[in-house]
Structure formats: C-alpha cells, structure tokens
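There are 2 protein chains.
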Amino acid sequence: MTTATHAKGLEGVIAGETEICNVEQTSLVYRGYEIADLAANASFEEVAFLLLVGHKPSSDELGAFKAELIAERALPSAVVEFLKTSGNLVNNEYAVPMDILRTAVSILSHLDADCQDNAGDANLRKSKRLLAQIPTVIGHMQNSIEGKDFIAPNANLSHSANLLYMMTGSEPTPEAEKVMDVSLVLYAEHDYNASTFTARVISGTLGDLHGAVTGAIAALKGKLHGGANEAAMEMLADIRNDIGSDNDLGKVTDWMHQAFADKRKLMGFGHRVYKNGDHRAPILHGLGRKAAQARGEDFIKLFELGEMVQKIMEDEKKIYPNVDFPCGMTYFTMGIPVPQYTPIFVASRITGWAAHIMEQHANNRLIRPRVAYIGPAPRNWND
Amino acid sequence: MTTATHAKGLEGVIAGETEICNVEQTSLVYRGYEIADLAANASFEEVAFLLLVGHKPSSDELGAFKAELIAERALPSAVVEFLKTSGNLVNNEYAVPMDILRTAVSILSHLDADCQDNAGDANLRKSKRLLAQIPTVIGHMQNSIEGKDFIAPNANLSHSANLLYMMTGSEPTPEAEKVMDVSLVLYAEHDYNASTFTARVISGTLGDLHGAVTGAIAALKGKLHGGANEAAMEMLADIRNDIGSDNDLGKVTDWMHQAFADKRKLMGFGHRVYKNGDHRAPILHGLGRKAAQARGEDFIKLFELGEMVQKIMEDEKKIYPNVDFPCGMTYFTMGIPVPQYTPIFVASRITGWAAHIMEQHANNRLIRPRVAYIGPAPRNWND
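Sequence order for the protein chains is A and B. Residues in the first sequence are numbered consecutively from 722, following my numbering. Residues in the second sequence are numbered consecutively from 722, following my numbering.
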C-alpha cells in the first residue's frame, strides 16, 4: 500500500499539465486570453477556434471554420430517428435531456468514419462535427418534447443564434443572440473541472473522443457540476412558490434561514477553486439583468430576488455565486426550458473537452491513481 | 496557482478511500477475500453479491439474488430494436461492440424508473438490473453481427453459462462455463483502475449510475485498459500471420526484437500497479491452457506461442503479463469473437463499478483536481 496521505476529492492536487486554460483565484485564462477580454471582444466561434486549434483565428481561418460548422450541423438519420422518440422518453419522466444528449452523442460515434482514429487530425474533425451537431440535437429534442416538427438548421445564423432558433423556431433578437453567445464563451473551458477530467481519464486509456465526450456529458449532468444552473433556477422557483413574487426581504431571509437550518444545499453557490467569487458570475449577471429589463417586471423581480439570495449567502455564509447562479436566471429570462440549461452548457463546453482530449492523446499517460483500503481484514471464503 | 508538484497520470497518488478492494504488489483482495481464494471457491454470482452488497451471501440470499438476476435479463424493446441495427453498424466498420454496448446502456437508462435516483436502494436495484442485462446486450449484438435471430436468455443457466449461450446458441460444457466464470471473478474489481475512477468522478458530481457506467465503458474500451485483452490476441494473431504457426523460437525471438526496435507497444504486458507480475494472470493462464488441451493442437500451440512471447518479455524487458494476456488466448480458445472480449470484461466489471458508484454516492465529495498551466503568457484579444 502506498502510504501517502490523500486529499478527499483530489482537492488541491495537481493532476497534470495543460496549455489550454489557467484557473486562478483572480483570473480565468483561455490560452493566454483573460475571460473578461474574451467575453467583451470575441465571438463564441472565435473562442471555439482558439480552444480547438490553439491560436486566435485569422479572418480567413474564422470564415472557413464557420463554414465547416454550418456544413456539419445536420444529423445522420439514425440520430434524427432516435430524437423523434426523445419527447416521449422525457415526457414519461424517466429520462431527462442530458441523458438523451448523452445517448445521441453515443449514437453519433457509430456513424462517424473517424470514430476509431485518435490521431490529431481525426480528433479535430470529430471535434468540429460534434460542436456543429450538438445544437441540432438540443433543438430537435426540444421540438420533440413539445410535440413539434423538427426545425432545420439555419445556415445564415451564428452558432448561438442557430441554437436558439432550432429550439424555438424564431430567429432571436441581436440582444438575445449576444447574451447566449457570451454565456457560451464563459462556459467553454475551465481546466480540470470534473467533466473535463472525466474526458481526460477516458482518453488516457486511449479511449476515443466520442466515448470521452459521452462520459463528460454524464459528469456535467450532476448537480454539483453543470446541473447546478438548472438547480439554481429550481431553487429560485421554489422560493417564489413558497413566499410569492413580491420579494419581501423578511420572507426571503426567513426562507434562507429555514434552508440553512434544514441543511439544504443551495445550488449555484460556492466553488472548489474560487473561494472569493467566480468572476464569470458578474459578467453574466450584468447581461442577464439587461435582458430582464427588456422583458419586463416579472423578470426584473426574478433578478432582484436572486440578488437578495446572493447578499444573504455572502453576508451570512461568506459563500459567493458561481456562474451557474446568474446563468439560471438569464436562461429563464430568455424563455429557455429549465431542463435544457445543462445541455446548452454542453453546446459550449464541448470545445474545452475536445481540446483536452486532443492534448491528452498527443502526450498520453494513463490516469490511474491508487486508493487507501479501509475495508475488512483478510478472511477466507470457506471459513 | 497551487504549487505542489504533480505525478503524471496520478501515478502513486492516493485519490480516496474504499472498503471494496485492495490491490497490492503481492495480493488482490475483494472485501477481505484474496483473489486466488475467490477464483477457487466462489462463483461469479457470489462474488457479484459480495461486491454489491458487502458480505458473502447466505444460501438464501444467493438464491434470491440469482432469481432476481434471471428475472431482469430481458431488455426493453427499444434496446432490442437498437441492437437489431448493431450488426450493420459493426459490419460497416465505423462502430465496434464496445461502442454499441455503451449506447445500449445509455438507452437502458431512459427506460429505468430508478434512473434519476441516487439513493442506495435505487442504486442497488439498477446495479442488479445492469448486471443481468449486459450479457443479453452482448448476446443480441453478436447474433446481430452474425445476421442471426436473437436468442432469449435461458433461466436454467448461470450468469456465465447464459452469457456464452446467448452469443452462440449452444449451452456451454461445464468446463467452458467454469473458465468463463473464473475469468469474470478475476475481472470483477480492481480498485481505482481508470474505468472505475471514471465512474467515481462522474458519480462524484452526483451524476447517476447509468451515466457513470456509460463513461466507464468508454474508458474500459481503451487499449491501455480493458481493450488490452483484444489487443493481446491481435498481437499473437499478427505473430502467427508473420511467422506461421510452427512456433519456431528463433522466428518468435526475431519478431519480438523487431517489435522492440520498432517501439511497438506489446499489449497485455506491464501494469501501473503490479511491477513483478499480475497474480490473476497465472490463474487464468492455467485454466485457459487446460481448455486448449481439450480443444486440440492448434490451441495448445497458441498457448505455447504465448509462453514464448511471455518468456522473451520477462527475460529481455523484465515486464510481466497482466491478466489480459492469458485472457486473450483463453477467450480465443473458447471460440469467442475477439471484439467481444472487452464487452465480456464489462459483463464482469459492472459489479466493481456499481459498488464504487454506490460507495461514492454514500459519502460523496466532488472529485476535482487542479492542473499546472504551461500555456501562453497573458495577451490581449485585440492586440
């Protein structure tokens, strides 16, 4: 038995090296560019290229990249057929959109000529294909849930606008497109978070890219990870349901104190790495609040409630919101169905996952830790 | 940035605690019982119960457990329908059985009433269900690949015998059943191997059991992990193809020297933990060789070739076979198609994965390490 002590959940343990991302207390950097700079100045397609290829695209590179993505948006018929049943699966309550998305990506692998090839060029082709296909999966799934016909991708629209269009059938306003685009930029990459680490452990066995993404989707689903954006909105809905929508500060405080007393886990707060706040949160909060302003009183009140909850958490618990907290309110304001919040996270994080899978395959070592045994002492089966 | 140094691939790093399994240089223990004891004295169903429930079953408990597994073998029709297409998918060469199995498990989740419930009792029900269903998936898939009708599970047969029956349509001999059963006992659990660790990272986000198993299958597929049993057999087939089947020691030695010179990775040898040999290997080698003896000259010669390769690796490289090396030869001797070797590994390791997922959910902490950034220095997007 190795005798080293261990950190539960690998907290603070460095598990590898990366050129892709640097998460620090006071900054988040994608390949050298700070997240606030990217959120203000780069489109999601530019950030996706940066993560996947490694540098800021030239104008020609960006044009070619966008054209490739648009060309790859349609899905093979077997996946379309599966998604036609997805509405029944979700509406009968055993399945949720994140599970459907996981299955869809798994089926996509069977139809991808590059599936079994872990070489860098094949991995890049697969990465672009999945990036292009995932919004179509989400759109078709949402159409299926609502019992509507599927909407074909719109080649005139950006990644963000097309994602919204395919879910709703309406071209989004430039403002809504911008909010979605920035949220995808913020969600694209976050070093060795649990889903990316899952993707690296899978690809470290020389498992293929689609398989690694399938596992990463399963990890992102969890409420302690990507599932938190849905859970945060569900919590705000619970508060409104319990105390009404008048945002009475006394009632909100009472609700929170009861939640503390019940040891209820309040989602969208705290972070394994960021101890003094997640600097993605205020960026998205500001944009979401602006969107709420445009949508009217009820949405403004949702943000005001969120701000009260946030202040109580900060004052009484010294715990700060992470990006999932404003994301929940923002996507709600945009009219997106709650169970699609985490699939939309996938539509962004696929870029970070794919970049890490390619980095893992390019300089591989099996990720295989040890464990401390605390089970029964030696014994004999026939005793 | 955390400043601790890191071990590439988390080699030697203790990532948690477990009551399930202890891997040491000189022993492998499942909940206190040594692997040689279990291989000699316990059936796979007994070992599965031990891993999932935590203790050796009483006679009544074992009877009830076996009955539950037999009752859960049939698949929902949506999975049967998917598997009907699996032969086309595999035969057109983009897909492999491990990928089909991953998709099938992902679809099974949509139809499982316990899917979204991470409580211990729900997890145990799902674990038993998957344990019962996976051999049916493998059997139907192999029937589909061969263009045959699906074979219904046989309630009179053990887990091992039924697995072989469903693939071939013939009830196995008691000797073949025993060899399969011992191989499943040997493969059932191995602490924080890469696929189990994947399952723990996924369940550590509070992702569900089916999702965690889906990711684990993707990890086990890799040639540096479970895929090694297929790769080991493919290597022996390559040697036979190149030098003929007369087992000329000079030719084998030349082949190996050429492989060393080409830096070809020889599969089924070496292990992240075991540095002086994997003690599961001789157990399975002995049983496989006995099976070869019964099947005739060609199979005996395969084992003789394997023993030559093994001796050259030991003498010249001081690298020892792991359990995947005899497994490849053994399953080949049993007439199992090579691409099903790793799926059969899943039919066993599902027990260890499920035990770890339940242990993770019962005492959870998100598994989220850090990473050392070695990428570009700070720069501005608009520069």
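It is worth saying that the hints were derived from the structure and are not from the lab. Given the structure is predicted, the values throughout are model-derived calculations rather than measurements. Watch out, some of these pointers could steer you wrong.
[As the list claims (entries may be wrong)] Capping the alpha-carbon separation at 25 Å, the derived lysine to any residue pairs in SDA-like fashion look like this:
hint: 1; chain 1: A; residue 1: K787; chain 2: A; residue 2: L832
hint: 2; chain 1: B; residue 1: K1011; chain 2: B; residue 2: N1085
hint: 3; chain 1: B; residue 1: K787; chain 2: A; residue 2: R1010
hint: 4; chain 1: B; residue 1: K984; chain 2: B; residue 2: Q1031
hint: 5; chain 1: B; residue 1: K996; chain 2: A; residue 2: I1095
hint: 6; chain 1: A; residue 1: K787; chain 2: A; residue 2: A757
hint: 7; chain 1: B; residue 1: K805; chain 2: A; residue 2: N962
hint: 8; chain 1: A; residue 1: K1038; chain 2: B; residue 2: R1086
hint: 9; chain 1: B; residue 1: K996; chain 2: A; residue 2: L832
hint: 10; chain 1: A; residue 1: K869; chain 2: B; residue 2: A799
hint: 11; chain 1: A; residue 1: K944; chain 2: B; residue 2: G991
hint: 12; chain 1: B; residue 1: K1011; chain 2: B; residue 2: G890
hint: 13; chain 1: B; residue 1: K729; chain 2: A; residue 2: A799
hint: 14; chain 1: B; residue 1: K1038; chain 2: B; residue 2: R1086
hint: 15; chain 1: B; residue 1: K1038; chain 2: A; residue 2: L1087
hint: 16; chain 1: B; residue 1: K729; chain 2: B; residue 2: I1033
hint: 17; chain 1: A; residue 1: K729; chain 2: B; residue 2: R1086
hint: 18; chain 1: A; residue 1: K729; chain 2: B; residue 2: Q1031
hint: 19; chain 1: A; residue 1: K986; chain 2: B; residue 2: K805
hint: 20; chain 1: A; residue 1: K729; chain 2: B; residue 2: E745
hint: 21; chain 1: B; residue 1: K996; chain 2: B; residue 2: S966
hint: 22; chain 1: A; residue 1: K805; chain 2: B; residue 2: K1011
hint: 23; chain 1: A; residue 1: K1038; chain 2: A; residue 2: L970
hint: 24; chain 1: B; residue 1: K729; chain 2: A; residue 2: K777
hint: 25; chain 1: B; residue 1: K1039; chain 2: A; residue 2: N1085
hint: 26; chain 1: A; residue 1: K777; chain 2: A; residue 2: A757
hint: 27; chain 1: A; residue 1: K944; chain 2: A; residue 2: D838
hint: 28; chain 1: B; residue 1: K805; chain 2: A; residue 2: T806
hint: 29; chain 1: B; residue 1: K729; chain 2: A; residue 2: L970
hint: 30; chain 1: A; residue 1: K1011; chain 2: A; residue 2: A980
hint: 31; chain 1: B; residue 1: K777; chain 2: B; residue 2: A876
hint: 32; chain 1: A; residue 1: K944; chain 2: A; residue 2: N1085
hint: 33; chain 1: A; residue 1: K729; chain 2: A; residue 2: G753
hint: 34; chain 1: A; residue 1: K899; chain 2: A; residue 2: K1038
hint: 35; chain 1: A; residue 1: K777; chain 2: B; residue 2: Y1094
hint: 36; chain 1: B; residue 1: K869; chain 2: B; residue 2: V801
hint: 37; chain 1: B; residue 1: K729; chain 2: A; residue 2: T806
hint: 38; chain 1: B; residue 1: K777; chain 2: B; residue 2: Q837
hint: 39; chain 1: A; residue 1: K787; chain 2: A; residue 2: E892
The hints, checked one at a time:
Between A/K787 and A/L832 the alpha-carbon distance is near 23 Å, which keeps this suggested pair within the 25 Å criterion. For the given pair, B/K1011 sits about 45 Å from B/N1085 by alpha-carbon distance, which is inconsistent with the 25 Å threshold. For the hint pairing B/K787 with A/R1010, the CA-to-CA distance comes to about 58 Å; that exceeds 25 Å, so the pair is violated. Restraint check for B/K984 and B/Q1031: the C-alpha separation of about 17 Å stays at or below 25 Å, so the hint holds.
Restraint check: the Cα-Cα separation between B/K996 and A/I1095 comes to about 23 Å, which is no more than 25 Å; the hinted pair holds. A C-alpha spacing of about 23 Å is found between A/K787 and A/A757, which places the hinted pair at or below 25 Å, so the restraint holds. Pair hint B/K805 plus A/N962 does not hold up; C-alpha atoms about 47 Å apart against a cutoff of 25 Å. Taking the CA atoms of A/K1038 and B/R1086, the gap is about 20 Å. The hint holds against a cut of 25 Å.
At roughly 40 Å between alpha-carbon atoms, B/K996 and A/L832 are farther apart than 25 Å, so this suggested pair is violated. Taken as a hint, the A/K869 and B/A799 pair is honoured in the structure, with Cα atoms around 22 Å apart against an allowance of 25 Å. Note on A/K944 and B/G991: the hinted pairing is violated, with a Cα-Cα distance of about 38 Å set against a maximum of 25 Å. Of the pairs offered as hints, the one joining B/K1011 and B/G890 holds, with about 23 Å between alpha carbons and a cut-off of 25 Å not exceeded.
With a C-alpha separation of about 40 Å, the suggested pairing of B/K729 with A/A799 is violated against the 25 Å cut-off. A distance of roughly 41 Å separates the Cα atoms of B/K1038 and B/R1086; the hinted pair therefore is violated under the 25 Å criterion. With a C-alpha separation of about 20 Å, the suggested pairing of B/K1038 with A/L1087 holds against the 25 Å cut-off. Between the alpha carbons of B/K729 and B/I1033 the distance comes to roughly 29 Å, so the proposed pair goes past 25 Å and is violated.
Restraint check: the Cα-Cα separation between A/K729 and B/R1086 comes to about 7 Å, which is no more than 25 Å; the hinted pair holds. A distance of roughly 39 Å separates the Cα atoms of A/K729 and B/Q1031; the hinted pair therefore is violated under the 25 Å criterion. Distance restraint check for A/K986 and B/K805: the Cα-Cα separation of roughly 44 Å exceeds the 25 Å cut-off, and the hinted pair is therefore not satisfied. Between A/K729 and B/E745, the direct Cα distance comes to roughly 21 Å. Compliance with the 25 Å bound is thereby established for this hinted pair.
Between B/K996 and B/S966 the CA atoms are separated by roughly 31 Å; this puts the pair beyond 25 Å, and the hint is violated. Taken as a hint, the A/K805 and B/K1011 pair is broken in the structure, with Cα atoms around 51 Å apart against an allowance of 25 Å. In summary, the hint linking A/K1038 to A/L970 is supported, as the alpha carbons are separated by about 17 Å, within the 25 Å threshold. Distance check on the hinted pair: B/K729 and A/K777 sit about 29 Å apart at the alpha-carbon level, beyond 25 Å; violated.
Of the pairs offered as hints, the one joining B/K1039 and A/N1085 holds, with about 23 Å between alpha carbons and a cut-off of 25 Å not exceeded. Between A/K777 and A/A757 the alpha-carbon distance is near 16 Å, which keeps this suggested pair within the 25 Å criterion. Proposed proximity of A/K944 and A/D838 is contradicted: the alpha carbons are some 33 Å apart, above 25 Å. About 17 Å separates the Cα atoms of B/K805 and A/T806, which keeps this hinted pair within 25 Å; it holds.
Note on B/K729 and A/L970: the hinted pairing is violated, with a Cα-Cα distance of about 51 Å set against a maximum of 25 Å. Under the criterion of a C-alpha separation no larger than 25 Å, the hint pairing A/K1011 with A/A980 is inconsistent with the structure, at around 29 Å. Restraint check: the Cα-Cα separation between B/K777 and B/A876 comes to about 23 Å, which is no more than 25 Å; the hinted pair holds. For the hint linking A/K944 to A/N1085, the alpha-carbon distance of about 30 Å lies beyond 25 Å, and the restraint is violated.
Note on A/K729 and A/G753: the hinted pairing is violated, with a Cα-Cα distance of about 30 Å set against a maximum of 25 Å. Pair hint A/K899 plus A/K1038 does not hold up; C-alpha atoms about 33 Å apart against a cutoff of 25 Å. Proposed proximity of A/K777 and B/Y1094 is supported: the alpha carbons are some 18 Å apart, at most 25 Å. This hinted pair checks out: B/K869 and B/V801 have alpha carbons roughly 14 Å apart, not beyond 25 Å.
Of the pairs offered as hints, the one joining B/K729 and A/T806 is violated, with about 43 Å between alpha carbons and a cut-off of 25 Å exceeded. Distance check on the hinted pair: B/K777 and B/Q837 sit about 29 Å apart at the alpha-carbon level, beyond 25 Å; violated. In summary, the hint linking A/K787 to A/E892 is supported, as the alpha carbons are separated by about 18 Å, within the 25 Å threshold.
The structure fails to meet hints 2, 3, 7, 9, 11, 13, 14, 16, 18, 19, 21, 22, 24, 27, 29, 30, 32, 33, 34, 37 and 38 from the earlier list, while all remaining hints are met.
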